[in-house]
Amino acid sequence: GLKENIKILIIDENKKDAEKLSDHLISNGYPQPIIATNELEFDAICTKDEGFDVIISEQKIGNLNSLQILNISRQKCGNIIFILVSDDISDEFGLELIKEGIDIYFLKKRLYKLTPVIEKLYDGRHIQEKLHELEILNKKLEDAYTEIELKNKSMIQDISFAQRIQLLTLPKMDLLLKNFDEAFIIYKPKNIVSGDFYWFKSVNGNGKFLAAIGDSTGHGVSGALLAMIGYNLLNEIVGDDDYLTNPTDILFELDNSICKLLKQNEVSTIGYQDGIDMSFVTIDKNNKKIYFSGCRRPLLYLVKKENKIIVYKGDPYLVGGVNERITKTFKTQEIDYESGDIIYMLTDGLTDQFGGEHDKKLMKSGFIKILSEIQHLNLSYQSQLLEQKLLRWQGNNEQTDDILVVGIKLNDYR
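Following the working numbering, the numbering of the sequence shown begins with 289 at its first residue and continues without gaps.
Simulated from the structure, these hints should not be mistaken for lab results. Note that beta-carbon positions come from the ideal geometry of N, C-alpha and C, so glycine has one too. Be careful, since some hints might not be right.
What the hints assert, rightly or not - Derived DSBU-like pairs: lysine-lysine, alpha-carbon spacing no greater than 30 Å straight-line:
hint	residue 1	residue 2
1	K439	K348
2	K577	K652
3	K460	K303
4	K478	K573
5	K291	K348
6	K697	K476
7	K466	K476
8	K652	K697
9	K478	K652
10	K601	K697
11	K295	K401
12	K478	K601
13	K593	K657
14	K408	K460
15	K649	K619
16	K303	K291
17	K466	K401
18	K336	K396
19	K396	K408
20	K596	K697
Unchecked claim - Using C-beta positions, here's what the derived DEER-type ranges look like:
hint	residue 1	residue 2	range
21	L549	M443	23 to 29 Å
22	P604	M443	32 to 38 Å
23	D537	E594	28 to 34 Å
Can you build the whole structure from these sequences, using the hints too?
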């Protein structure tokens, strides 16, 4: 029980009184108290043993009065319970002593009341100490929370600045609208910056337009860095060379460049293991043809006349990344188009989004169903409705991944 753990020191010049008190405590279930009958003993005991819970002291011992004993005890033993016992003590003086820090005072003739009081005081002190410990812990947690908040704020500012750089780097919507009557881009990063990116290039003079969407492994900062690498490498590879327009050739070059840059072609594969899912199209307006190559990303193609969506699948590998024992071929599929047909390129963030009544993924079939319902509308309206329907689908779920959808209505070269 509680009593057996309470360590008590009795200070009394009257040895008989001290022993009588000791016997009384033992008979009430307390452990054998230690007794000091003079200043020297008191000093020696306190120096040797600081682990007391309770000190029961007379008003005087040698040249020390009760308040001096209290001060020495607290100094050496910490926050002990200090009980004053005496043959004679006035209530006025007793109350003043309590104000100065003793816990309670007793007359020796009333010691029968002492034992339950010790337990109560010990219990109360124990609770106080626990509360104090909790206060200290709470303060530490508050300080840690403040520090984390400041670091978080600083980190978000840094990433928001990176987001501005990323948005300024990606091509403007104007480039699409200069080449096509209708188009849209839905671009929703999961965590401020995005591992998804889009890339466009208009090849002057031959009516060709190149468009790509990429989805780097991961999202957030690591995904965004890989996305920017992919974006810049595409600019380097295609550059001002108007002859390099075949998706197979461009993706082959891009794959080599990423593997080389991230040291993925070394035998030990010490490099970064990840790569980019990609959908790449070259639109040849002169001949009304689309050349499509996909890496784990499809092309959705709406045949306007038949009001039907055809899914062209990509190859099952990443651009870049370590793909052991796989020879990548990057097949290009040739598609004839009519003016008014629409292509949709998308990363998997949209189809992987959890939501709906049963909290399932939207899936490609769900996305195609939405497209079928809104395909009679202008693409800028389609984009608004897609975003709205996606929000409704998502409900209270958090965004699963970065989201990117590009829609382009095809037309003749003019």
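A quick look at each hint next to the structure:
1. K439 with K348: Judged against 30 Å, a Cα distance of about 58 Å means the pair is violated.
2. K577 with K652: Holds, at about 25 Å.
3. K460 with K303: With Cα atoms ~96 Å apart, K460 and K303 exceed 30 Å; violated.
4. K478 with K573: Violated. K478 to K573 sits at ~35 Å, over the 30 Å cutoff.
5. K291 with K348: Within the cut-off at roughly 27 Å; holds.
6. K697 with K476: Distance ~21 Å between K697 and K476 Cα, so the pair holds.
7. K466 with K476: Satisfied, since the Cα-Cα distance of roughly 23 Å is no more than 30 Å.
8. K652 with K697: holds (20 Å)
9. K478 with K652: holds (19 Å)
10. K601 with K697: With a Cα-Cα distance of about 20 Å, the restraint between K601 and K697 holds, given a limit of 30 Å.
11. K295 with K401: holds (19 Å)
12. K478 with K601: Roughly 25 Å between the alpha carbons, so the hint for K478 and K601 holds.
13. K593 with K657: holds (18 Å)
14. K408 with K460: violated (76 Å)
15. K649 with K619: holds (29 Å)
16. K303 with K291: holds (24 Å)
17. K466 with K401: Given that 30 Å is the threshold and the Cα spacing comes to 97 Å, the pair is violated.
18. K336 with K396: Cα-Cα ~28 Å, so holds.
19. K396 with K408: Distance of about 19 Å is within 30 Å: holds.
20. K596 with K697: With Cα atoms ~15 Å apart, K596 and K697 stay inside 30 Å; holds.
21. L549 with M443: 23 to 29 Å: Hint holds: Cβ distance 26 Å, inside 23 to 29 Å.
22. P604 with M443: 32 to 38 Å: Since P604 and M443 have Cβ atoms about 36 Å apart, the given range 32 to 38 Å holds.
23. D537 with E594: 28 to 34 Å: holds (32 Å)
Checked against the numbered hints above, the structure breaks hints 1, 3, 4, 14 and 17 and satisfies the rest.
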